[in-house]
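Novice: Chains as they are written, first to last, in the working numbering: chain A, 32 to 146; chain B, 853 to 965.
Check the hints yourself; a few may be wrong.
Stated by the list, open to error - A short, non-exhaustive set of chain A residues, derived as facing chain B with CB atoms under 10 Å:
1. Tyr66
2. Lys73
3. Glu75
4. Ser89
5. Thr134
6. Phe137
7. Gly138
8. Glu139
9. Trp142
10. Thr144
Because the hints were derived from the structure by calculation, they are not lab data.
Glycine included, C-beta positions come from ideal geometry on N, C-alpha and C.
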Amino acid sequence: EPEVTQTPSHQVTQMGQEVILRCVPISNHLYFYWYRQILGQKVEFLVSFYNNEISEKSEIFDDQFSVERPDGSNFTLKIRSTKLEDSAMYFCASTFWLANGNTIYFGEGSWLTVV
Amino acid sequence: DAKTTQPNSMESNEEEPVHLPCNHSTISGTDYIHWYRQLPSQGPEYVIHGLTSNVNNRMASLAIAEDRKSSTLILHRATLRDAAVYYCILRDGEETSGSRLTFGEGTQLTVNP
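With the hints as extra help, turn the sequences into a complete structure.
Specialist: As structure tokens, this is what we get:
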């Protein structure tokens with residue numbers, strides 16, 4: 032079964048450093064997402080991306096965050112200057128279309144620890 | 853997204869059926885009912901979804917009340933691998949802008965051997 036893959040599985044970074052989390056969505060999918068989950072808390076929406084632009088973002092997704100689909104297969108989340116509170120599991124997700132209740136598929140996550 | 857209400861936790865015994873309830877009294881006519889689950893240290897995993905009729909797949913069954921204000925996810929024979937947080941989420945079937953899934957607290961299912 033096709034799956035969303037994410038790298039790295041775990042990254043430790045110093046506060047203030049830039050981090051790029053990478054995702055390979057399922058190949059024929061058109062919509063892409065980033066979610067995050069702080070330890071012990073709910074899964075939170077960050078951003079959705081369609082047709083090479085952001086279609087929706089949450090209040091969490093401030094100027095420190097950016098997304099990109101640089102080469103038609105990868106989908107990346109960049110955090111420009113990491114803070115301690117950015118420590119979380121970050122999930123990439125994708126779907127072909129959202130009408131008629133289409134399924135959204137999630138990756139296994141990238142665990143980011145900011146020290 | 854319309855709100856859903858689920859119990860915080862439930863317990864079951866291995867190889868017994870499990871019925872996970874979800875209330876969604878403000879559901880609109882175009883909202884699909886989705887169920888996802890999250891095993892420890894893993895990403896959310898799609899389980900099943902439906903609109904009006906009951907649905908079955910290899911993982912579970914979804915029973916939807918006639919007025920659609922509640923639904924029940926049924927795991928026919930729970931295994932230890934089914935221990936997870938189960939999320940009931942409403943999604944507008946006419947939504948085409950690619951907007952979010954909104955996760956609540958979900959139900960933590962414990963399966964006893």
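Novice: So, against the hints stated earlier in the document, which numbers end up violated here?
Specialist: 10
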